[in-house]
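Visitor: Next come the chains, spelled out residue by residue.
Protein chains: 2
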Amino acid sequence: MATLETSSSSTLKLPDALPLDSGQTLENVEIAYETYGEMAADKSNIVLIFHALTMDQYVASPHPITGKPGWWSESVGPGKTIDTDRFHVICANVIGGCMGSTGPSSLDGEGQPYAMRFPVITIRDMVRAQVALLDHLGIGTLHAVIGGSMGGMLALSLAANYPERAARVIGIATTARHSAQNIAFHEVGRQAIMADPNWRKGEYYADGISPDAGLAVARMAAHITYLSEAGLTEKFGRRLQDRKAISFGFDADFQIESYLRHQGISFTSRFDANSYLYITRAMDYFDLAEEHGGRLADAFAGASARFCLISFDTDWLYPTAETRNVVHALNAAAAPVSFVELSAPYGHDSFLLDVPALDSVIKGFLE
Amino acid sequence: MATLETSSSSTLKLPDALPLDSGQTLENVEIAYETYGEMAADKSNIVLIFHALTMDQYVASPHPITGKPGWWSESVGPGKTIDTDRFHVICANVIGGCMGSTGPSSLDGEGQPYAMRFPVITIRDMVRAQVALLDHLGIGTLHAVIGGSMGGMLALSLAANYPERAARVIGIATTARHSAQNIAFHEVGRQAIMADPNWRKGEYYADGISPDAGLAVARMAAHITYLSEAGLTEKFGRRLQDRKAISFGFDADFQIESYLRHQGISFTSRFDANSYLYITRAMDYFDLAEEHGGRLADAFAGASARFCLISFDTDWLYPTAETRNVVHALNAAAAPVSFVELSAPYGHDSFLLDVPALDSVIKGFLE
Chain R
1 MATLETSSSS
11 TLKLPDALPL
21 DSGQTLENVE
31 IAYETYGEMA
41 ADKSNIVLIF
51 HALTMDQYVA
61 SPHPITGKPG
71 WWSESVGPGK
81 TIDTDRFHVI
91 CANVIGGCMG
101 STGPSSLDGE
111 GQPYAMRFPV
121 ITIRDMVRAQ
131 VALLDHLGIG
141 TLHAVIGGSM
151 GGMLALSLAA
161 NYPERAARVI
171 GIATTARHSA
181 QNIAFHEVGR
191 QAIMADPNWR
201 KGEYYADGIS
211 PDAGLAVARM
221 AAHITYLSEA
231 GLTEKFGRRL
241 QDRKAISFGF
251 DADFQIESYL
261 RHQGISFTSR
271 FDANSYLYIT
281 RAMDYFDLAE
291 EHGGRLADAF
301 AGASARFCLI
311 SFDTDWLYPT
321 AETRNVVHAL
331 NAAAAPVSFV
341 ELSAPYGHDS
351 FLLDVPALDS
361 VIKGFLE
Chain H
1 MATLETSSSS
11 TLKLPDALPL
21 DSGQTLENVE
31 IAYETYGEMA
41 ADKSNIVLIF
51 HALTMDQYVA
61 SPHPITGKPG
71 WWSESVGPGK
81 TIDTDRFHVI
91 CANVIGGCMG
101 STGPSSLDGE
111 GQPYAMRFPV
121 ITIRDMVRAQ
131 VALLDHLGIG
141 TLHAVIGGSM
151 GGMLALSLAA
161 NYPERAARVI
171 GIATTARHSA
181 QNIAFHEVGR
191 QAIMADPNWR
201 KGEYYADGIS
211 PDAGLAVARM
221 AAHITYLSEA
231 GLTEKFGRRL
241 QDRKAISFGF
251 DADFQIESYL
261 RHQGISFTSR
271 FDANSYLYIT
281 RAMDYFDLAE
291 EHGGRLADAF
301 AGASARFCLI
311 SFDTDWLYPT
321 AETRNVVHAL
331 NAAAAPVSFV
341 ELSAPYGHDS
351 FLLDVPALDS
361 VIKGFLE
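Top line first, the protein sequences correspond to chains R and H.
Residue numbers are given in my numbering: position 100 of the first sequence equals residue 100, and the series is strictly consecutive.
Residue numbers are given in my numbering: position 176 of the second sequence equals residue 176, and the series is strictly consecutive.
There could be a bad hint or two in this list.
Any copy will do: because identical chains look the same in the list, a pair fits if it lies in one copy or spans two.
Lysine to any residue pairs mimicking SDA-like chemistry, simulated, CA-CA at most 25 Å apart [stated by the list, open to error]:
id : residue 1 : residue 2
1  : K235      : N325
2  : K68       : G23
3  : K363      : S247
4  : K363      : G140
5  : K363      : H143
6  : K235      : P319
7  : K43       : Q24
Just so you know, the hints here were simulated from the structure itself, not pulled from any lab data.
The structure displayed is predicted, hence computed values, not measured ones.
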C-alpha cells in the first residue's frame, strides 16, 4: 500500500436514468466525489463515507468555497483513524445537494435550473445514486460504509437495501426514522426559507438574489439542535459579546447571539436554499421500518454485514434511544452489532468534533 | 364573600412616568387588566397572576380576538383551584405587550406608534408597572402572586424587588435566568421577524401590512420548545395529515407540520411582532442573580413570603435544574419554600394543560 496521500476530485455522469422512490426518474445524473488513498488491486480496501445534511464530499480536503479543512480531516488521512495509507476512501455529494452532484440548482434537459421542478427524493434515492457510482467503479463489497447523522441514515439504508455491498456498517449519532420533533425543526427551517420573498418559489437562480435571510434563520434554528444545552452553557453561558453591559437594544449583546448570527450568514455562502428544502424533506421522509413493511428488524433481514452503532449521551436530536431502537432491530435480525453510547459534552455535533473515544471505536471496528 | 362570578376589564393610566432599568422613563403608561371575584373589604384576598410571553390578561375570560376561553380558565373561576368565590384575582397585560398595556404598538406623545422607539424593557420593569397598579388600587400585600414560565420570572422578580408585596409566591415551570439555549431560540425568532421585509425596522403599523410570515416562523420555532419530544411523538408521531401516503412534495404531509403551520399563522392574528421582539428581549436579559450582585440567594435576602416552586419532568425549556437553582437560593436565604417536580408528558406547556397534581399543589399552597 502506498503511503503517499492522494486526493482527487471526480464527477461521474451516470450512464442510465436513476429510478426514484417517487416513481419518477432522474436523467443525466452527475455524482461529484472525492477519493483519498490508493485503491488496492483487489478493491478490498474501500471505505465509503456518507456526509451529513449540510456537509459534502470534501471530507478531508479543503472546501473549495470556504477554504476550510475537510469536515472530517481530523479523522481521515494518512495514519489517522480512517487511515488513507491503508484505505481508499470515497465520499460523494448526495443527489439533491449543491456541491456538484445533481440537485435543484443543476440544469435540466432544457438547460434551465431545476429549482422546484427537481423531483422530491429520499434517503434511499441518495443511496441508489451512490451504488450506481460503486457499480461504475467496479466496486462490489465495501470494506466499510460510515456515516454520521444523515450519513448514518444512508449507511443504514445501504445496509438494508444493498446488504451485499458493505462488510462493515458504522452509524454515528443517527436514527432509523425522523421523529415528530425532528420533522418539526426541519419544517421551521423550510418555512423560514419559503417565507423569504427572495425565494420566489425556488426560481432565484437567474439573478443570483437568493433567499439568504430565510436560509440563515433555518440554519440558526437547526444549529441549536446540534448543540447540547450544557455545551451551550459552557461555551457561551450568558457572556456578553465585546461589551461590559447589556445594550438595552437588539444588537447581539450575548455571545450566543453573535455566534448564531454568524453561523446563519456564513452558511448561505456555501449552501443552496432549495437543496436545504430537498435534503431536509428526504430526511423527514426517512423511516426504514415503514419502508420494509413496518418492522425495523425486517429491514435488516438480509444483512450480512457487521454493524457498529455509536450514540452520544448529550445528543438530543438523535438521542441514544433512537440508536438503541436500531440495535434491537439488528439483534432481532441476528446481525452482529456493536453498540456504544459515548460521553461527550457537545450534543449531536460530537460526531464532528474531537472525541477520542469515537476514533478508537471506529479504528477498532475497521480492523 | 360573594359567590357571584364577576369579571371586569379595566385600563389604568399611571399618574407618574415609569422609571425603567435602562435609565429611560416611560410616560403615560397604561395598564390593561382583568379582575375576577370580589375584593374583600380588607383587601386580604387578592391573587395576582402574571402571564407568560404570548399570553395576556384574559386569564379566565374569553379572548377578545380569538373568542377562545381564557388561557387558565380551567383553574381560575368559582369553585376552581384559584377560587374566585374566595379570591379577588387580578391579571394585567405586561408593558411591552399588545393587548392594551403600553407597548411598541401604542402611540407615543406625538400620536405615532412607538414601534422600535419603544424603550427596551426588563422583567423588573414589567413588575414595576404592575406594582404601580397595586399602589393605585390601594393593595399592600397580596395573598399570593402566581406565574408560569415568564410569569414565574415576574413572580420571582416581585419577590426579590418588592418582598413586602406578596405573602405567597408561586413559580411554575420557570427560571431565575435565561440560559444560552433559551436566548438562542429567542434570537432565532427575532431574526425571523427582522428578516421579513414587511417588518421594515418595526414601522409597519401605518399600512397594517405586518411581518406575519416572520412572526409565524418565530412562533413555530418557539412552539417546539414548549412541547416534549415524547409528547410530540405521542400526539403526532409520523402520522400523515389527511392522506394515506407521503406526497413527494412540500405540502404539510405530516400532522406535526400542519399543526405547526397552524400555530404559526393563527398566532399572527392576535400578537404584535414588535411586542414579540421586546418581550423576548426582556426574558433574555433576565438574570435575577446578576441583578443582585451575582449571588441568587442575595436576591431573596429580604424575602418574607412563603415560596412554592413547581417544575415538570419533561420541560426542557426551563428544566427542573433551573427550579432547583432557585430553591437552593431560597434555602440559602432561609426563606420557606416548597418544591415539587411534577410528572407530566406535555413538556413546558404542562403549566397550561390539565395536570391535576398541579392544581392540588396550588390549591393547598393558597390555603
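Visitor: Which of the numbered hints are not met once you compare them with the structure shown?
Guide: Structure breaks hints 2, 3, 7.
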